[in-house]
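Number of protein chains: 2
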Amino acid sequence: MSITGEMLIGRQAVRGNEKPLRAFNPARGSDIAEPVFGSGTVANVHEACELAAKAFDPYRQLPLATRAEFLERIADGITALGDGLIQRAHEESGLPKARLEGERGRTTGQLKLFAEVVRTGQWLAATLDSPLPERKPLPRSDLRMQKIPLGPVAVFGASNFPLAFSVAGGDTAAALAAGCPVVVKAHRAHLGTSEMVGRVIQRVAQAMDLPEGVFSMIVGAGSSVGEALVAHPAIKAVGFTGSRAGGTSLMRVAAARHEPIPVYAEMSSINPVFLLPGALAARAEAIARGFVDSLVLGAGQFCTNPGLAIAVDGDALNDFVAAASAALAARPAQTMLTAGIHAAYEDGEGKLAGTQGVEAVAHGAAPTGPTQARAALFVTDARTFLSTPALEDEVFGPASTIVRCKNEQELLEVAEHFAGQLTATLQMSGDDLPAARKLVPVLERKAGRILINGFPTGVEVSHAMVHGGPFPATSDSRVTSVGTTSIERFLRPVCYQDFPADLLPEALADSNPLELWRRVDGEITRS
Amino acid sequence: MSITGEMLIGRQAVRGNEKPLRAFNPARGSDIAEPVFGSGTVANVHEACELAAKAFDPYRQLPLATRAEFLERIADGITALGDGLIQRAHEESGLPKARLEGERGRTTGQLKLFAEVVRTGQWLAATLDSPLPERKPLPRSDLRMQKIPLGPVAVFGASNFPLAFSVAGGDTAAALAAGCPVVVKAHRAHLGTSEMVGRVIQRVAQAMDLPEGVFSMIVGAGSSVGEALVAHPAIKAVGFTGSRAGGTSLMRVAAARHEPIPVYAEMSSINPVFLLPGALAARAEAIARGFVDSLVLGAGQFCTNPGLAIAVDGDALNDFVAAASAALAARPAQTMLTAGIHAAYEDGEGKLAGTQGVEAVAHGAAPTGPTQARAALFVTDARTFLSTPALEDEVFGPASTIVRCKNEQELLEVAEHFAGQLTATLQMSGDDLPAARKLVPVLERKAGRILINGFPTGVEVSHAMVHGGPFPATSDSRVTSVGTTSIERFLRPVCYQDFPADLLPEALADSNPLELWRRVDGEITRS
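Going down the list, the sequences are from chains A and B. Note that numbering that gives the first Met the number 0 has the first sequence beginning at 0, numbered continuously upward. Note that numbering that gives the first Met the number 0 has the second sequence beginning at 0, numbered continuously upward.
Quick caveat, the hints were computed from the structure, so don't treat them as lab data. Note that the structure is a prediction, hence the values are computed from the model and not measured. Incorrect hints may appear among the rest.
Same chains, same label: a pair holds when it works inside one copy or across any pair of copies.
Unchecked claim - Below, in silico cross-link-like pairs of lysine-lysine (DSS-like), each with a Cα-Cα straight-line distance of 30 Å or less: (1) Lys437 to Lys350; (2) Lys53 to Lys405; (3) Lys135 to Lys96; (4) Lys111 to Lys135; (5) Lys437 to Lys405; (6) Lys18 to Lys53; (7) Lys437 to Lys53; (8) Lys111 to Lys437.
Same shape as in the complex, but just chain A:
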């Protein structure tokens, strides 16, 4: 597939007339000369949004099987792009090809899983309350409820997942599955990859004769295109993965609209790992190796990167620090996604190193390329951590800080101190059960996912996954942005009162033609 640098607006390819942009190769530290991408105007945004609004009713009214087929054919189309897609994503992101192949599998698997989800229809949450015509003092009407899609969704892809959290990533898959048209703002860090995937979606939509506007993709140089997208009245929800500054900025735009809309921003997390005494005593070295593996994976560029380890001071913690330091020293520097991310990492790591009471104990190998990150491990004590708010800031990249606590009480104090997180992890043994019982209720309040004896990187796409958590991990702790229940972000309930059979939605018909598990008079039943 050739990349032209055009935007995709409905069925058209449109060259943006605003500032020209070039893709960037972070491994080489230089622009990719061809093609030039034309960034869009606010008028382009409006056109895409108006097409999305027109597409909404016809798209959501298609049979569920058609919606499922749409998702599956997008997945097949992405696979059919073959090595060209992997090569382009590799050039634009600096990520290893093997990692990108894995990410492609995750992306297509996610689309196919959502196709299954659409077909089952459980997300419709079909609920029926029988009429009670004889009830006194007042009869009860026939009441039936299902969920319907919110409306067109704006999706902002992530820098760190050019496939799985981008143009056809989790937000787009969930929104299309819910019945919402999608307008994507392509991420500056992988413009060519975005166009390739976007053209797949556009072609499938056209081949299936879906309503024009079910998908568009806009390119923007600054923040004005993204803000115009969030501000457009046709847009009814926003999916975003990125920085806290970017996410909170979109939250402000959404809250200031005439009609405020939900923003699902996945933003910032340092993913504390608690190393309990029994676990450290039994296997400090093994935990250290696992911790370092998790820390440097993908140059530390994961939302779930373990930015903090917390333990009670002592010999076993010293063993952990020594083993982690040794493991880290052997790790090569890795190319980061963009020059900006690399600069921010160097800045964040430098600030950690310069913080009073924080000591650098280990570094990975020195960089050999222009945007490479050297891994770093720091140590501090709980009093310093508790009194230095900056130590809670995410440093996006392979840097982590170990917090030495005097005792269990201080460790609990550190846990209670955290703001919201995507994950929290306990390394524990059977001996640590009493301490874990005290920690888990605190961590439930703080994090969307709690892991025992694992490491937080690696987010399964399944039914029980929660990739979310209290602010600032996300803007909305009530939902997840990964896994099948992420579809719920784009739905709202509607009640149908005393509807004749001829007008009832299929999901709510007496005969249950979709064979759904429904709640009927409070009981779960499939009959």
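Starting from the known structure of chain A, arrange chain B on it as the hints suggest.
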């Protein structure tokens, strides 16, 4: 029970030292002399919020049966207040005693229904994904998910339901059921009623030895107490029923917090009723009687009051207008809830009467008391309606406008023009099915509940009810504020990865001890 004018903060009764307030009897148009209510300071708010924060973990960890018993004993305590409560609510609200007795039944029924809901545990949304240790390239962890409560909730009661949407109303019942402590700001319009009900909750909490802070009730004179409550870091969600100005003001406070929190504000709706030609031809007079009954019920002081009827012009519509006018003329004026609501109604009705292109066609009987509302019916045409934004503003009280459309196309244009509504209603016959098929998809986008051949007043508390809808009907169309699923407003999901059996929440144990319907590897099962 004697009313002292004190606030209820944890286990204490505390006299507020800010501006003294007196309750008001709208039927007499005068203050109720005794007692004087002391309004609270921001320090009182902070005390209540800090107690709520402390109560959160112990309260949510109580057995579900204890939580259910709490709700049931509150219901019994309210019933035990007997006629004293009804008398006080009648004096403070001007609402007829029979209506208040019905509302009391709804309130206690709601508490008992939520007790049932708590016991079933379905709201935990228990979900299990089995580990796949042999999966290639990577094994899958053991992943389990349940919902937990958000944290302390601030509840702002409604003026128009001194029992069912107030201190122990739907928001409080749902929040306590979810496991959230509650801090109520008592509504200025029924301070004594609020104290009576609040003392019941406080006494039950103490009798059951529940954590202090599970419930508090604050009195405030202006907006500072309410805003301090929403701004307090311990508060994690807000329930509000009231005006659009009040709701959007709390939304702004919540969005401006360091940690933004969800606000569930139920605000403003004009609840359009579409009178389709077949229905009007068959039964214009019967529909007119039903419409007027719904319009004047409770002096029109319902969120679901039908503020608008829309029909295609012609003889049948003339019949409807004539019959509705005749029915309305026979209706007595009714006492409104407060002097302020009465003044706002007079103002809104006056503005309607003075709007170019709007004609007053009928009035109810003239007032005989100081805060009585005279019902009013207006007629306009679709072009005027579409070009006069003020005609979409809610006039809280027994006033409604009939919109004459030239044809079905114009009627659809009016439907498409609306902002979000709690309800939309179709009066139709079999002949109207084709028109209804065009209208329903539009109304699904606009309203939380769609009724066929009914009237919107009267909101059932059941599983399938949706009392919600797009902005400005509510601040969050993804949820309902009435019915059992309103508990979902106060929950968030947490994923437990690779938890040992000893640490797993009961809802997620292999043996399913709570006998929940759970999603296991994608299948709904109770085993």
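Practice item. Kindly indicate which numbered hints from before are broken by the structure, ordering the numbers from low to high. Key: 1 and 8
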